[in-house]
Structure formats: C-alpha cells, structure tokens
Amino acid sequence: DVKVTQSSRYLVKRTGEKVFLECVQDMDHENMFWYRQDPGLGLRLIYFSYDVKMKEKGDIPEGYSVSREKKERFSLILESASTNQTSMYLCASSHRGQGAYEQYFGPGTRLTVT
Amino acid sequence: AQSVSQHNHHVILSEAASLELGCNYSYGGTVNLFWYVQYPGQHLQLLLKYFSGDPLVKGIKGFEAEFIKSKFSFNLRKPSVQWSDTAEYFCAVIIMDTGRRALTFGSGTRLQVQP
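First to last, the sequence lines map onto chains A and U.
Be aware that the first sequence starts at 1, since it is given in this note's numbering, and climbs by one per residue.
Be aware that the second sequence starts at 1001, since it is given in this note's numbering, and climbs by one per residue.
Just so you know, the hints here were simulated from the structure itself, not pulled from any lab data.
Glycine is no exception: its CB is placed at the ideal position from the N, C-alpha and C atoms.
No false leads were slipped in.
As a list, the in silico DSBU-like pairs of lysine-lysine whose alpha-carbon atoms are at most 30 Å apart:
no.: 1; chain 1: A; residue 1: K13; chain 2: A; residue 2: K55
no.: 2; chain 1: A; residue 1: K57; chain 2: A; residue 2: K71
no.: 3; chain 1: U; residue 1: K1049; chain 2: A; residue 2: K55
no.: 4; chain 1: A; residue 1: K3; chain 2: A; residue 2: K71
no.: 5; chain 1: A; residue 1: K3; chain 2: A; residue 2: K70
no.: 6; chain 1: U; residue 1: K1049; chain 2: A; residue 2: K3
no.: 7; chain 1: A; residue 1: K18; chain 2: A; residue 2: K55
no.: 8; chain 1: A; residue 1: K53; chain 2: A; residue 2: K13
no.: 9; chain 1: U; residue 1: K1049; chain 2: U; residue 2: K1069
no.: 10; chain 1: A; residue 1: K71; chain 2: U; residue 2: K1049
no.: 11; chain 1: U; residue 1: K1049; chain 2: A; residue 2: K57
no.: 12; chain 1: U; residue 1: K1058; chain 2: U; residue 2: K1069
no.: 13; chain 1: A; residue 1: K57; chain 2: A; residue 2: K18
no.: 14; chain 1: U; residue 1: K1058; chain 2: A; residue 2: K3
no.: 15; chain 1: U; residue 1: K1061; chain 2: A; residue 2: K3
no.: 16; chain 1: A; residue 1: K13; chain 2: A; residue 2: K57
no.: 17; chain 1: A; residue 1: K3; chain 2: A; residue 2: K18
no.: 18; chain 1: A; residue 1: K3; chain 2: A; residue 2: K57
Here are some, though not all, of the chain A residues that point toward chain U, as calculated from beta-carbon distances under 10 Å:
no.: 19; residue: P39
no.: 20; residue: L45
no.: 21; residue: G58
Take these sequences, add in the hints, and give me the full structure.
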C-alpha cells in the first residue's frame, strides 16, 4: 500500500512564525502535491513538484514556498504565518506515467495560526 | 480557469435510499475524472476513476459514476446507501492537455445517512 505521512496532525503557531510542514511518501512517486482544504471550498492546490529540486506554483501559492531535496520528501513552508493560513493541509503523491494519475493522500495537518 | 462544480453541498438520506451526486467540469478537452471520499477522521481516499474506455465506471463499496462528455458531467451514484457511507465526497479533474498532473477539486458534498 502507498503510504503518505505528514509530520504533524495538529499544529498551533503564532502570527509571524516560520512554519514547516513535512511530507514523506514511500512508493517512489515522482509527483508530489500540497493542497489546503477549507470548508465549502474543497481542496485547492498550493504547489507541486514533478521531480527533485523542481517546483511549480499551483492556484494559491502566495505566502507559501516549498522544498524538494529528496524524491520522497516534499516540504511546505509558511514564511511568516498569518491567521488566514489557518487550514487543513494535505500532501499527496502520484506516479508519473500512463494511466489516470491517481493521487494518494496523507492524513493532513490541521494548522491553527493565532 | 477550469472549474469543477458540485451543486449539492449537503445531502441527507435515509438508509436504503438511492444516491446521486452531481459533478460538472468546465473544460472541453481530454480529462481524467475522479471521485474521492473522506470518512470522518480519515484520509482522503479514491472511490473511483475514469480516464478512457467504458464511460460507466465502478468503484469501491458499490459506487459507480457515469462520464457524459456532451454534458461535461461525472455524476456519482449508489443504488442503496448505508449509514457507513456518511462522509464528504469530492469530485476532481485532471486536465490532460496542459501537462499539469494536479487535481482540480470541487467544493465537496457532505452526505449524511440516517439509520
């Protein structure tokens, strides 16, 4: 089974802090993604990566950055956390190749910024 | 911009009732289509997917969905729901022509099944 793990289930940070959210997948997937999930808005794509050291902006990248130094690890960074970044953050991965490109999701990190 | 619409935000059904959740997308090219489900306190998991072939696809737990290209729709169905189907359901699309392999999600439908 594909396993995507995220470093924390719950996180509370103060406004202005730098926040790191870590994601690791164990299935040698090339593609990795970060989404945020908010009630009534579904999931929105923040950043994604097709390979090590590669990154692409998603639909809502403002206020975020990412790092992918190893194939299995994809980090989301909030440079200076703000209250409007309080949300559930989901990491996902998928294989590059033919087929449906289905994504496998981690359990999520619920971040509260106070 | 491409979008995915789920018109039912909250659905309440009794056990054994039939279910149909609507999903429409706004892109006219080649798409891959998905339904994901999130049970309370659990990971988002794949329910079913369509990328080619028979437009009627079957997924886990008795769910099915039909891709109707002319209507840009991919509605989810189940003939008889159970209390354990209580969850949030998300329709999602990958636009294949762009090369971007990221999902665009709908806003979700919360299904509550009453025993």
